[in-house]
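*Asks:* Kindly generate the complete structure, drawing on both the sequences and the hints.
Protein chains in written order, with UniProt numbering: chain R, 1 to 346; chain E, 1 to 346.
Read the hints as simulated data drawn from the structure, not as lab findings. Honestly, I wouldn't trust all of these hints.
Heads up, the list lumps identical chains together, so a pair's fine if it works in one copy or across two of them.
In the DSS-like style, the derived pairs of lysine-lysine whose C-alpha atoms are separated by at most 27 Å in a straight line are [unchecked claim]: (1) Lys-303 with Lys-158; (2) Lys-277 with Lys-153; (3) Lys-277 with Lys-65; (4) Lys-121 with Lys-277; (5) Lys-219 with Lys-65; (6) Lys-159 with Lys-277; (7) Lys-87 with Lys-201; (8) Lys-277 with Lys-238; (9) Lys-226 with Lys-65; (10) Lys-10 with Lys-212; (11) Lys-277 with Lys-201; (12) Lys-299 with Lys-75; (13) Lys-212 with Lys-3; (14) Lys-309 with Lys-201.
These numbers come from a predicted model, not from an experiment.
So the chains spell out like this:
There are 2 protein chains.
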Amino acid sequence: MVKNTQVIFKKVPTSYLPVAGEHITTQDTEFDLDTQLSNGQFIIKQLVLSVDSYMRGRMRDPSVKSYNSAFEIGKPLLCGTMSSVIKSNNPQFKVGDLVYSSGGKFEEYSLVDDDTADDYKIRNEPKETGLPPSYYLGLLGMPGLTAYVGLIKFGQPKKDETLYVSAAASCVGQLAGQLGKTFGMNVIGSAGSDEKVEFLKEFGFDNAFNYKTNDINTKLEEQAPKGIDVYYDNVGGKTLEAAINHLNHYSRIVGCGMISQYADHPETPANLIELIKRRVQFTGFVVTDHSDMEDEFRKDVTKWFLEGKLNYKESLADGIEKTPQALIDVLQGKNLGKQVVKVTDL
Amino acid sequence: MVKNTQVIFKKVPTSYLPVAGEHITTQDTEFDLDTQLSNGQFIIKQLVLSVDSYMRGRMRDPSVKSYNSAFEIGKPLLCGTMSSVIKSNNPQFKVGDLVYSSGGKFEEYSLVDDDTADDYKIRNEPKETGLPPSYYLGLLGMPGLTAYVGLIKFGQPKKDETLYVSAAASCVGQLAGQLGKTFGMNVIGSAGSDEKVEFLKEFGFDNAFNYKTNDINTKLEEQAPKGIDVYYDNVGGKTLEAAINHLNHYSRIVGCGMISQYADHPETPANLIELIKRRVQFTGFVVTDHSDMEDEFRKDVTKWFLEGKLNYKESLADGIEKTPQALIDVLQGKNLGKQVVKVTDL
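*Replies:* What follows is the structure, given as structure tokens:
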């Protein structure tokens, strides 16, 4: 038997921010590594966990319907994980294989049954590239693919055009902006603190501003004097409205997310008629529809990163017991770069 | 000298509806048909005038900027006209040619100078097809092209899909819906009176409802049980919001117009996040960008109309002096089908 610390959904929070210990908690259980595996079963050891704001939406009463399922009370939280196969009775998964799941369990060890084995994808690239497994939850994982598909497929970037990215210090945002630079665009980002603004400039954004201490319209006027050709929208609401005010004719809005709409009294843009007058295309997308672009994405972005054309920053909490606070930090926007929790080294 | 009745913009209205005689009026002037034409000049006699709601936006103080220019006080209104060349000193325009202008003068006779000759396009098709010149202001004119480009290029219609058209009894709306039928779509339309709803059903819409006496969400639930694949939006606001509630994944919104946004207190959709969740593409367009599709459009629609695959209804006021009231009718939604004013027969 080994200790198996789990991160448990204990109680539905009554306000936006959960409280560590009350709504999310860690508990130590035991795991039997010597258990007899039936056909198709295998055991994984978690290496790193992805901590994402969208998890808050799953911390709800299961009677509330949404596009994703509610977490189960008393069970581990679920989100992106990179893990190592340590024992296997499944010919598809060999001991030493690294595996990714978009809904892995937040615990040190998991027993995977044959009927859920499909939820795990072999991702042995870290062993080839030498990049940390955590990067395959961010830069080279779902957020990276989201930035890549959104900007390239729906943003249709062109040299010398202007790209505006909101929530630009997020994992998706920082990559979308940097990808824009690889296409020769003029890139502007907005974020919620001066520290994040500095970080964006270090990462090669041509301009950046703090949307909490500045008027978005004024800043876009200043920083996008030739207008916006591509708006990569992670925020929606009044940020979308301000972006629309500065769109050029035939511009594109990449509809990636609208975090503003999860507020208690969400605001909504009042200038949609401009989408017609300015001949704008808005495309909403969900990254899971675009796995056909995954190989090309991972090849391109790995290459660009190793060549130094892209930077990457993550916020790494060390130890599974740090997970509840890491999630609370994310919900407060305190993380700078992709938030991950290291459970153990590769 | 002949009498030349003009429709004059007399005064900027203070409320939405202009008053005939006060803000728009007719006046009789004289026109010298025997005038010596300088190089490039020609004289036209108006046959039929297009009366469109967007003219209200041009009846403003010129200091108010907009995408179109303000009408000049004391000068004739301008909008689509079909005319006949009756005298010419311009080799491009021969006596007997029919000409279309998107901004022709609302008067019986006009002298066209060489430097504005380009505003007139030869449109002799009525002489070949036998169809009335007025059809070239509606079915076979700009509104027809708007319906055609919007549905075909941006709606990407597919057999057995569901199309919803708002302001469906308008010239653009009736054509968009009927074009949907030619693609084998299930077509739903909404309009502002029971008479218009009946008319839509006669024109082959599978379902139609009166948005003034019904809840739009309830009606879409009933009439689009499989969801909406293409929403041809002429209205925006809460109609757009209701349509979004019923959109299928990968559906398209054709952003053609948002008449609701000209109200004193326009409403705006509060569910734009659904555009992401449902992977929706919204494309705003302005028909004047798509003259490359004009030949194909006119060929197709003439053929389909002559084959009986399309119906067409216009509201024809007889006599140029009826123009002020015709415009007021349009602004009140009283017209059924494209509003035109016949000035004289071909």
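*Asks:* Now tell me, hint by hint, if it's right for this structure.
*Replies:* Tested hints:
In this assembly of identical chains, Lys-303 and Lys-158 lie within 27 Å of each other by CA distance solely inside one copy; the values are 21 Å within and 40 Å between copies. Taking identical chains as interchangeable, the C-alpha atoms of Lys-277 and Lys-153 lie at most 27 Å apart whether they share a chain (23 Å) or sit on different chains (17 Å). In this homomeric assembly, Lys-277 and Lys-65 come within 27 Å of each other (Cα to Cα) only across copies, at 14 Å, whereas the closest approach inside a single copy is 37 Å. In the homo-oligomer, the alpha carbons of Lys-121 and Lys-277 lie at most 27 Å apart only across protomers (24 Å), although the nearest pairing inside one protomer, at 45 Å, exceeds that limit.
In this homomeric assembly, Lys-219 and Lys-65 come within 27 Å of each other (Cα to Cα) only across copies, at 23 Å, whereas the closest approach inside a single copy is 38 Å. Proximity of Lys-159 and Lys-277 under a CA criterion of 27 Å is satisfied intra-copy only: 24 Å inside one chain copy versus 30 Å between copies. Neither within a single protomer nor between protomers do Lys-87 and Lys-201 lie at most 27 Å apart by alpha-carbon distance, with minima of 45 Å and 67 Å respectively. Within a single copy, Lys-277 and Lys-238 get their C-alpha atoms as close as 19 Å, and across copies as close as 19 Å, so both meet the 27 Å cut-off.
Taking the closest pair of Cα atoms, Lys-226 and Lys-65 come within 27 Å of each other only across two copies (19 Å); inside a single copy the shortest separation is 43 Å, beyond that limit. With identical chains, the CA atoms of Lys-10 and Lys-212 are never at most 27 Å apart, being 33 Å at best within one copy and 49 Å at best between copies. Proximity of Lys-277 to Lys-201 under the C-alpha cut-off of 27 Å is found in neither arrangement, the shortest distances being 33 Å within a copy and 31 Å between copies. With identical chains, the CA atoms of Lys-299 and Lys-75 are never at most 27 Å apart, being 36 Å at best within one copy and 65 Å at best between copies.
For the identical chains of this complex, Lys-212 and Lys-3 are neighbours neither inside a copy (44 Å) nor across copies (66 Å), given an alpha-carbon limit of 27 Å. Proximity of Lys-309 and Lys-201 under a CA criterion of 27 Å is satisfied intra-copy only: 15 Å inside one chain copy versus 60 Å between copies.
When each numbered hint is compared with the structure, violations occur for hints 7, 10, 11, 12 and 13.
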